[in-house]
Amino acid sequence: MFPIIQLGSLAIQTPGLIVLATVWVALDIAAREGKPVGIAPEPIYNTGMIGIAGGLIGARLWYVGTYWALYQADLPAIFSLNPATLSPVGGVLLGLGLVIWYVRRKALPIRQLLDVGAPALAVFAAGLALANLAGGNDYGIPTRLPWAIYLWDDYRHPTQVYDFLVALAIFAWLWRLKRSRNFDGIRFLVFVGLYALAGLLLEPLRADGVIWVGGIRAVEVWSLAALLAALWLWPKWAQRETGAEPAQGDTANGLI
Amino acid sequence: MPVDTILLRLVVNPVRWRGLILGVALLGAAWIWATRAPQLPVDNAASPHAGFSAPDFTLQTLSGQDVTLSKLRGQAVVINLWASWCLPCRAEMPELDQVYAAYKGRGLTVLAVNSTFQDTEYDARDFVQKLGLTFPVLLDPAGVVSRRYLLRALPTTFFVDRRGVIQDQIVGGPMSRASIESKVAQIMAP
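First to last, the protein sequences are chains A and B. So in the working numbering, the last one in the first sequence is 256, and the numbering has no gaps at all. So in the working numbering, the last one in the second sequence is 1190, and the numbering has no gaps at all.
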């Protein structure tokens, strides 16, 4: 665990640095992936930057809104940013909303764009896992397995390492799919399906997940919903590609 | 049989595909039910991270009184690690003091732990007097709390709820009064 890199009197928070570096690498990969399918790098970078900016603003506004009674008496404090005073829900909502708005406004091919972004999302997921490892977040339950890591006063499942390996494996699978002839959107659906499946299976090994009433793990519920959504969309997107209703014995679509 | 082939055979047949979705939904629901989190009491392990009990310590105040963290159980506690030469610490201390004044009657304690092993007691006293701080200021000449709380940067602030569990940690500063109060609101709940 290396939460801080100390450069003289400057203390840099390692998780934030890793996330920033990962965003840069992920956008670069997406831009490269876009060229073969005719999407210029500029709208890809713009989509990414709009998502990030919208995510940060949304995360801050949601947090400020939650504690508006406190912030209205101290308006300049709204601009005093700290990762601990951001709300992920607001970030996802505004970031995603602005991305959808931008993509529609520019009339970008949505499913091709999602395919281009899928490997970048896998890289981002890998970077996020490393950031969590550096910051000691998303830690596992205690175990005596030989590959356990010592963290927070116990030997624990290295859940961050599991996440990292899963993300790399998904990236490799998506890379392999690039060579296959498939329908638009398949790489995105594969990313969502596999990442959700991994979330469903690995969550019980995590010690700091959100728990709902009755001990239900929130991440498992969201992961199952995402997995089912990917499976539901698969034949619809495959069908739209050819315009033909898939029939029994038809082997035209859906080949991985 | 490879997964690719299985999926291929299923997707071309809408009935089989719907069956796959239903099967995944049922298996997933069963998995979620089977892997429910056990209803355990609060993890008593002490570590300087959100979700763990705050590591205990006993230090002396500037006036020579002993303060033990575990004896403050039942109160919400803000632990602020600082040094007199740290500019962000200087900037946020008055804000922290205002929040302390506003909430101490409702069960908030602020423990400002001076990293005396990398500061001096003289400078710490001078700092406190000049800013007119009213909360307890503790001296940590051996760096015990800094080590126990894995201090990497100053200031670092921990927000500990009434059960003695760390709810949040803010590395760096200065924090605004509103930010401090928003975190305090989270630990003040009974």
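For the record, the hints were derived by calculation from the structure and aren't laboratory data. Hints may be right or wrong, so weigh each one.
Unchecked claim - Pairwise CB distance ranges, derived in the manner of DEER restraints:
no.	chain 1	residue 1	chain 2	residue 2	range
1	B	A1101	A	Q72	15 to 23 Å
2	B	R1073	A	P41	52 to 60 Å
3	A	I211	B	K1071	45 to 53 Å
4	A	W222	B	A1142	57 to 65 Å
We treat Cβ as the ideally placed atom computed from N, Cα and C, and that holds for glycine.
To see whether the hints hold, each was checked on the structure:
| no. | hint | result |
| --- | --- | --- |
| 1 | A1101/B <-> Q72/A: 15 to 23 Å | 20 Å, holds |
| 2 | R1073/B <-> P41/A: 52 to 60 Å | 57 Å, holds |
| 3 | I211/A <-> K1071/B: 45 to 53 Å | 30 Å, violated |
| 4 | W222/A <-> A1142/B: 57 to 65 Å | 46 Å, violated |
When each numbered hint is compared with the structure, violations occur for hints 3, 4.
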